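Peer 1: Single-letter residue listing:
Number of protein chains: 2
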Amino acid sequence: MQSRSPASRTGRPRSAAADAAILAATREALVDLGWSKLTLGDVATRAGVAKTTLYRRWAGKNELVVDAVAELFDELELPDSGSLAADIEGVVLQFAAILARPEAKSGLMAVVAESTRDEALRARIRESVVDRQKRLVVEGRARAQARGELPPEPDPSHPARTVDLIFDVIAGAVVHRALVSAEPVDTTWARSFTALLIDGMTAATTHSRSGQVAQ
Amino acid sequence: MQSRSPASRTGRPRSAAADAAILAATREALVDLGWSKLTLGDVATRAGVAKTTLYRRWAGKNELVVDAVAELFDELELPDSGSLAADIEGVVLQFAAILARPEAKSGLMAVVAESTRDEALRARIRESVVDRQKRLVVEGRARAQARGELPPEPDPSHPARTVDLIFDVIAGAVVHRALVSAEPVDTTWARSFTALLIDGMTAATTHSRSGQVAQ
DNA sequence: AGCTTTCGCTACGAGACGTAGCGTAATGCC
DNA sequence: GGCATTACGCTACGTCTCGTAGCGAAAGCT
Numbered sequence: 001m002q003s004r005s006p007a008s009r010t011g012r013p014r015s016a017a018a019d020a021a022i023l024a025a026t027r028e029a030l031v032d033l034g035w036s037k038l039t040l041g042d043v044a045t046r047a048g049v050a051k052t053t054l055y056r057r058w059a060g061k062n063e064l065v066v067d068a069v070a071e072l073f074d075e076l077e078l079p080d081s082g083s084l085a086a087d088i089e090g091v092v093l094q095f096a097a098i099l100a101r102p103e104a105k106s107g108l109m110a111v112v113a114e115s116t117r118d119e120a121l122r123a124r125i126r127e128s129v130v131d132r133q134k135r136l137v138v139e140g141r142a143r144a145q146a147r148g149e150l151p152p153e154p155d156p157s158h159p160a161r162t163v164d165l166i167f168d169v170i171a172g173a174v175v176h177r178a179l180v181s182a183e184p185v186d187t188t189w190a191r192s193f194t195a196l197l198i199d200g201m202t203a204a205t206t207h208s209r210s211g212q213v214a215q
Numbered sequence: 001m002q003s004r005s006p007a008s009r010t011g012r013p014r015s016a017a018a019d020a021a022i023l024a025a026t027r028e029a030l031v032d033l034g035w036s037k038l039t040l041g042d043v044a045t046r047a048g049v050a051k052t053t054l055y056r057r058w059a060g061k062n063e064l065v066v067d068a069v070a071e072l073f074d075e076l077e078l079p080d081s082g083s084l085a086a087d088i089e090g091v092v093l094q095f096a097a098i099l100a101r102p103e104a105k106s107g108l109m110a111v112v113a114e115s116t117r118d119e120a121l122r123a124r125i126r127e128s129v130v131d132r133q134k135r136l137v138v139e140g141r142a143r144a145q146a147r148g149e150l151p152p153e154p155d156p157s158h159p160a161r162t163v164d165l166i167f168d169v170i171a172g173a174v175v176h177r178a179l180v181s182a183e184p185v186d187t188t189w190a191r192s193f194t195a196l197l198i199d200g201m202t203a204a205t206t207h208s209r210s211g212q213v214a215q
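Note that the protein sequences, when read in sequence, are chains A and B. Residue numbers for the first sequence, in full-length UniProt numbering: 1 to 215. Residue numbers for the second sequence, in full-length UniProt numbering: 1 to 215.
Derived from the structure by calculation, the hints contain no laboratory data. Any given hint could turn out to be false.
Quick look at which bits of chain B chain A covers, simulated, 3 or more residues with Cβ under 8 Å [said to hold, decoys possible]:
| id | region |
| --- | --- |
| 1 | 29-38 |
| 2 | 76-82 |
| 3 | 109-116 |
| 4 | 120-131 |
| 5 | 177-186 |
| 6 | 190-202 |
List time: in silico PhoX-like cross-link candidates among lysine-lysine, alpha-carbon distance up to 25 Å [as the list claims (entries may be wrong)]:
| id | chain 1 | residue 1 | chain 2 | residue 2 |
| --- | --- | --- | --- | --- |
| 7 | A | K37 | A | K51 |
| 8 | B | K61 | A | K61 |
| 9 | A | K37 | B | K51 |
| 10 | A | K37 | A | K61 |
| 11 | A | K37 | B | K134 |
| 12 | A | K61 | A | K51 |
| 13 | B | K37 | A | K61 |
| 14 | A | K51 | B | K51 |
| 15 | A | K37 | B | K61 |
| 16 | B | K51 | B | K61 |
| 17 | B | K37 | B | K61 |
| 18 | B | K37 | B | K51 |
Here the structure is a predicted model, which is why all the values come from computation and not from measurement. No residue lacks a Cβ here, since even glycine has one placed at the ideal position from N, Cα and C.
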């Protein structure tokens, strides 16, 4: 949502139902029309609100779709399956399942593309999509460390570095496989990828290989 | 380019200079305006051709931008640096350098987004961008195998599986780091990522076929 | 020459954009 | 209850881009 003025205590309040209807209509339109052919007028009609109402709440198509898509990724959960491998595999498959939905893939990449020229939009994406899901990496990592599957803290000076790296690798690989290569992210692929990732994480921290292994 | 009718041997030939001018103008417009505000009329003006000429050669904005962006990625080369780690690191940095250019990041993600609803467009992207660069993985892998850094053939039944996996991981991670996380792909990051990837590749192949690491 | 295809130019209807203006509806405050 | 304030629905508008059609001229081939 946009910054609802906090001092706004008087006057008619904004309809929360309208917000939900608009976001749902946006996702519906993404399925039917895709990003490029999606028009705000059409979304307004689907939601049963006036076009002007839409413009009063969102600055434009970009912001609207970010909010509509962001809700999809809140479904993600870290399944406590007892092992790091199973945890990662589970998240990868969940993530892929969301990306398989047309409203997600059609909208997400488009706003990411737009965000390359719009700093505010990119911040919005990071806040409402990316950083929210980074918790999965942090939590899965903590669990693995508690189980002894990963060493406690490989680099105390930059604890966030490793998390960011892992996140970019997981999210990047799944997105690339699903949307660019356009091949299925099935159990077979998820297992291969998970094996690769875990071996990379453990080996890099256990045995000191050729020279300095950056972390 | 589009399918130039092969039986077209008579009549005035198409100007090759116009093709180059149009593609250059497209990249220029991507820098100045970005994907969403780029119009074909503007590109035509910049290229010094009529708008109708543009429509005679490309079906629309999507196809035009794919061709304009594809040329950028042909610069990629595999630096024979003597070690697998250095090879990967070099390619990652080259790839990141291209992605840092506004005409690349603004255009590439947009056409990928569009390709989620356009099968023909996705095929075009794969042909002219993705699959062309997959050679880097194949070649780097062969070199590493010749050096003994990687075992000969981990999975003879599906030789392309591993290459595809590696490619998705590399390309996906770099793109995600550069465009979504929007943090620099510098030497530090490239080195961390390379270490993670190599350890994952070597370990994954060793304990699947009980050989020892060539080290 | 004659034939064929491309090119530049102009013009056009269609559709989406984003905004303005108006009257009405829903709340909080006195 | 009445009043101020804000949100809402609706209509209408100028502006822009789209993609195409039609024309005459240019540039190649045989």
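Peer 1: Verify this for me: three or more residues of the region 29-38 of chain B with a beta carbon less than 8 Å from a beta carbon of chain A.
Peer 2: Coverage by chain A holds for the region 29-38 of chain B (3 residues, Cβ < 8 Å).
Peer 1: K37(A) and K51(B) were given as a pair; does the straight-line alpha-carbon distance stay at or below 25 Å?
Peer 2: holds (22 Å)
Peer 1: Between the alpha carbons of K37(B) and K61(B), is the straight-line distance 25 Å or under?
Peer 2: holds (11 Å)
Peer 1: Within 25 Å, alpha carbon to alpha carbon, are K37(A) and K134(B)?
Peer 2: violated (32 Å)
Peer 1: With a cut-off of 25 Å on the C-alpha distance, tell me whether K37(A) and K61(B) pass.
Peer 2: Distance of about 13 Å is within 25 Å: holds.
Peer 1: Is K37(B) within 25 Å of K51(B), Cα to Cα?
Peer 2: holds (16 Å)
Peer 1: If you count the residues of the region 177-186 of chain B with a beta-carbon closer than 8 Å to a beta-carbon of chain A, do you get 3 or more?
Peer 2: Holds: 6 residues of the region 177-186 of chain B have a Cβ under 8 Å from chain A.
Peer 1: For the region 109-116 of chain B, count the residues whose Cβ lies under 8 Å from any Cβ of chain A; is that count three or more?
Peer 2: This one holds; 7 residues, not fewer than the three required, reach chain A with a Cβ under 8 Å.
Peer 1: K51(B) and K61(B) were given as a pair; does the straight-line alpha-carbon distance stay at or below 25 Å?
Peer 2: holds (12 Å)
Peer 1: Holds or violated: K61(A) and K51(A), Cα atoms, limit 25 Å.
Peer 2: Satisfied, since the Cα-Cα distance of roughly 12 Å is no more than 25 Å.
Peer 1: Decide if the proposed pair is consistent with the structure: K37(B) and K61(A), CA atoms, cutoff 25 Å inclusive.
Peer 2: holds (13 Å)
Peer 1: Count the residues of the region 120-131 of chain B whose CB lies closer than 8 Å to any CB of chain A, then report whether that count reaches three.
Peer 2: holds (count 4)
Checked against the numbered hints above, the structure violates hints 2, 11 and 14; every other hint is satisfied.
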